[in-house]
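Enquirer: Join these two chains into a complex; the hints should help.
Chains as they are written, first to last, in my numbering: chain A, 1 to 358; chain B, 1 to 464.
Please keep in mind that the hints were generated in silico from the structure rather than gathered at the bench.
C-beta: ideal position from N, C-alpha, C; glycine also.
Treat the hints with care, since some could be wrong.
Estimated spans, in silico, between C-beta atoms of each pair [what the hints assert, rightly or not]:
id	chain 1	residue 1	chain 2	residue 2	range
1	B	T41	A	P192	22 to 28 Å
2	B	H74	A	E133	57 to 63 Å
3	B	F169	A	P69	42 to 48 Å
4	A	P197	B	E137	36 to 42 Å
5	A	E81	B	E445	44 to 50 Å
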Amino acid sequence: MPKHRVAVLMSGGVDSSVAALVLKRQGFDVFGITIKVWQEECEKVQRENCCGPRAVADARRVCEVLDIPFYLLNYSREFKEDVIDYFCAEYRRGRTPNPCIVCNQKLKFGRLLARARELGAAKIASGHYASIEERYDGGVSKFSLRKGKDAKKDQSYFLFELAQDQLCDILFPVGGMDKAAVRGLAAGAGLPVHDKPDSVEICFIPGDDYKAFLSAQGIAMPSGKIVDTSGKVVGRHNGIHLYTVGQRKGIGVAAKKPYYVVRIDPRENTVVVGGNDDLLVKEFVVEMPHWIACGGPQTSLCVDAKIRYNAPAVPAVVHPAGKAKVRVVFEEPQRAVTPGQAAVFYQGEFVLGGGWIA
Amino acid sequence: MKYALVFHTTHQTMLAEEALSLNGFFFDTLPLPKDIKAGCTLALSVKEEDVAGIVGLFRNENIVIEGLYAVTEHGWRKEAAEGTAAVPFYLDCNATTPVAPEVVNAMLPFLEDEFGNASSIHSYGRMARSAIDQAREHVAALLGADPSEIVFTGCGSEANNLAVKGMAFARLGARGHVITSAVEHASVLNVCRYLETIGFDVTYLPVDSAGMVDPCAVEKAIRHDTFLISVQWANNEVGTVQPVAAIGEIARDRKILFHSDAVQAAGKAAVDALAVPVDMMTISAHKFNGPKGVGALYVKHPHRLVPLIHGGKHERGMRAGTENVPGIVGIGAAAMLAMERIGEYPERISGLRDLLWREVSAGVSGVALNGHPEERLPNTLNLSFPGIDGESLLINLDLEGIKASTGAACSSGSIAASHVLEAMRVPAERIKGSIRFSLGFGLTEEDVRLVAKTVVEVVRRMKK
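So here's chain B without its partners, still in its complex pose (with noise of 0.2 Å):
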């Protein structure tokens, strides 16, 4: 049988190359299969009684293979590559997730021969606007929605922003109140610091120790001006799930507008305005295996909304600017892939979660989970090791070839303390030591035991 060695960068393929060259290998090479990702697209294929030989040498050269597969007639079936580095395990989905194969294919056509322009009269513009329709389509029946409830956006922050500022810029002349929560995402909670800036009221409501938002202090905080509730469907640090169907229900009989960011739920749980009494709703793709670069907000009442891009008719007005067709493409691809898989998800996911807890908890003294037990986002496992620094442990794994993340992915690159943890009332020593475990498909239980095995070794290296 034959055996393919995948690398992790063009680079450390040709090194790959070079070396079995040297030391008188024989190899050849092979494209990769569609299914299997990784950062060369070439594969190097090497005889079975070599695989020994060549693990050895490469721990030697320092090369780093990312998956040894062995070459079947039905494809590629994945080895444990026996003493060779790491091969990198993704557990960081509540930052971004790989795009699905699925996806891509359905956006290829829209990066090369379909240019058009969706407001095109002929046929190439007709084909970008059947294409944007029927990704409309598709997001609408992941929400629960009717298709003319979707407005296509650059990204869940803004997504966020026509969704709170868009309800407020309609009632500039009036200003008014926002209730909001104080674990909502950067992109819901500055705009409401920048209201209050221009003389709108915004009242932050607490949440409990596991994260959670009582709909009793919401319909408490209600004033005879609130026009606006935003609460986010799940958190993205400690994935802890809202009630919006109480949050929604309070709303709608006070007959005020209810957003929720449902950035982090969508694909991982049922989002659904049909059976949640919500007026707007923001999503991500590349939260759910589509690309970056497009969101959306579902918006029963559209003509509501004041847009916060002016200019040509597009979106119905809500958004003016091209579409972004490949994108849009994507997000609807993403939407049905999401769909389709939303059955299986939470209880194969949950448990992968929940087996990397059970292993972890059983291998560290004192580790503690932050977020709700029960109601929680299926994949999120947020925990905090005492007496160990989180941004360390973090990098540790990193260099061990696993994936996580210390809360929100930081654009700077450094991480200050997580505004999530503070307002669970998190003592600053369990904040320090928190890191976050988001899952998503492509993990196996095999992989899910070796994370918590490394997780726990590191963690006894680190406190020695």
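So that you can see chain A by itself, here it is in the shape it has in the complex (with noise of 0.2 Å):
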């Protein structure tokens, strides 16, 4: 059976396809998979997305210009069941879920990773803006996750999740390049996606607008009051799924000063409205921590914390705070820390782990 055999995931972009294009020629026996995570009925409207039908078929010409196998598989059940079912329950919380973070570790670096083993791969490999580094601490291989060379590009806020038994068997062939070295490679390479533009938006959301998404997924929730934070009701709003902590456009309220979406009280079915410097957010719990190479803190732990995935890593305090749980500090209050998004701690280039806003 083969050894060097890699099961690359193609999303029929630029990075996947040069992480395809490398590892082919370090002399791999590459081979390309594509998801399929759309429901059939879907087909049309998602045409230009990330991973829709068009996707597919950039990925598949890729394969053909590299002259390595491409299977299509599909996953959209997967995908319903571990993606969009926790996007909109997360909404329906009030919160405001990071479906990326969830497909990287349930289904690209679970079910496909899994798949991949049984594919006869030895590693899978995707095209993320990251790097994985094996040391050897007293004997035993340890993986730790670092940053993605290009600092604009890094997308290691998403593979906090990522656990050793994972780690092991990936591989980001383009986390060491700078995206235009990532296109030129694709352009010398002849790929006919080397001057593709990135994607920004979340692969199922057509548009961006994610609030048809939910409504067409057939989530609406009681409408209820909008209130300040001394609790005075200012307006009335239309389903807390509709509001994100820190939002200020659409709120609905007419104010002097504007309003910023600051607490969603899922309880109270209250939106929670208030000035700018209401959302900054001096310390907050995190739950479901992982740690990546080490384990959580025992007193405390100086990290660089980083609360979406626009949002600097800034200097913070980890102290453990109970079972599955720890209290992060910042050194200077931070604005808008929302529930639902991932914390990631950072030491250096080094993803220490992470976990979920409470």
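Expert: Spelled out as structure tokens, the structure:
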């Protein structure tokens, strides 16, 4: 049986295409996998989306140019169970989900990693901008996760839940490159996707309109009160699932100073609004913390914490806070700590771990 | 002696040339003889003493050698290239077959010089017309029919549509009742479902656990307004051959039209309208070493059919549109070839198939055969591997160079549960672990043993 077979997760984009190219050039026995995540009926709607039929055609074309086998696997049922159901449930609870993290953990490096092993692959690879480093620690191999070399493209935030038994079988071939170099390689190799624009949206949300998506999923929530931080009713909302902490636009309440969503209270079915300053948070709780290469903090751990993909990692101290919880205290208060998003803890280039904001 | 290396793609050949030049091996290019099929029509000839070194070099460079041949004065002799990467073994002949070189040669003039329209008066037209006439005779001979009973179509699906819709549309006023089976090809099943939406009634007969329709059930399903029975000759997924003679006799006695989709049977078993009372029969060229894009319907009473495509008087008004002359010539040549081979086909191909079954079932415990143990196409072996995902097995085999299928080839490339295995009440777990091998000419006993060995190895690894 082949020893150096690698399955590459192909999205039809330039990053995963170059991942396959690089591995092929390194002499691996490479094949491409693309998963069909869309439900049959959305086939037309999502044509231009990252994971839509167009993406499948691009991935197939790239594999043809690279002369590697390509397989389209149907994971639409699993995608719905793992990702879409979670996505909807979080909004129902008044939280803001991060489906990419869940998809990476459960689908790409969960179900598909198992599938790749079943297909005789020694490793699975993707086009993520992150790096995995293997170190020997007392004779035992330990894997750590690092940021991607291209700071602007770094995707390590989306990968913080990876465990040792996943990291040992994952390759991120473009993690050590910057985007320009990736595009250059793609163009040099004649890959048809070399100038395809980067995907920035959630792949299953057409036009980035998550509210329309939720309503198409049949999700409706009762209307309720919008209150200010003192508890005074200032308006009404059409369901808490339509709000996100930090949101300013579309609250529907007229006021002299702009209102922001400060908190969502699913039990009272209220949306709490306030001024920009009300969004500043000094400390918060993180649930289900996961640590990549070391245990959690015994007393305290100094980290740089990143509370959403677009936020910088800022200094903070992590303290234990009971079972499956930690408390994070920022050095300086931060704006809009959003329940449902991940807080990821870094030390320098390394991802120590992270968890879900309570 | 010289040896020739054949590659799957031109790209691979170019990579091979580059690697040979860089490493100082002497080589030359050779055109491929007509009887050898490969993705690239050029082969690289190398010295005998270099073969071992080159095979090693290519393995390191990840260059896949499709075939290694000894170049002799009597032609090229295939050698087992020890340690070379996979040779593509094709066991998916129920999906499609390679076009026979004889068929290609027969078609070529009609893609090049003989471009005439068969309806034209002049010599080009006459040439095309005569080629079509000749092809019609060959197809009629294969089916035990008269040439006037053959309508050429664009594919098997179109012929099935023409048969079922054509007869239904002839009685749009009265509507009526159609009998078919639950294991038909989609081009019959979905036509029947469509007919239901416009007021026809359809009975979908169940099958037994071997996939067979009970002729008594056909008899019982007949109503006063039943005008058509459509039951396939043999099933594409499991190969079960239906009791078409018995069904045909029932239909004849009750004066009901009997159509049989013989797409999978033609070329593999005798499909003879003289031996079996059948009023309509569908075939498709690419299932018996002919080209894609051409099928035929045998129809005893063409005047009773309503055409699907109205227009000119082509195919005696049954199928308008300028004839696909190269395709029709191709189906004619393939029909002739099938007739020549039909004597040896069953024994030779079922021998290879049964060898595959013996070797695989000896190497893997619990493997089950789907389909009828005896009344089955000689080339079809549908197996269920317990605890194995059939799609993953299929991909694993492809990565080892072995081409098989998990039932019907699906246009989207992803796989839905087989309606045939479901109708046979095969448990879901066994459906999930099913894979179809459909053999054809071109495989040797040695090939089949190697396929079996690989299947056993892959399944054992997957079970770990």
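Enquirer: Does each hint fit the structure? Answer for all of them.
Expert: Now the hints, each set against the structure:
Take B/T41 and A/P192: their Cβ atoms lie about 25 Å apart, and the range 22 to 28 Å holds. Taking the beta carbon of each, B/H74 and A/E133 are about 60 Å apart, inside 57 to 63 Å as hinted. Our hint of 42 to 48 Å for B/F169 and A/P69 holds, since their Cβ atoms are close to 44 Å apart. Between A/P197 and B/E137, the C-beta spacing of about 59 Å breaks the proposed range 36 to 42 Å.
Checked against the given bound of 44 to 50 Å, the beta carbons of A/E81 and B/E445, roughly 47 Å apart, stay inside it.
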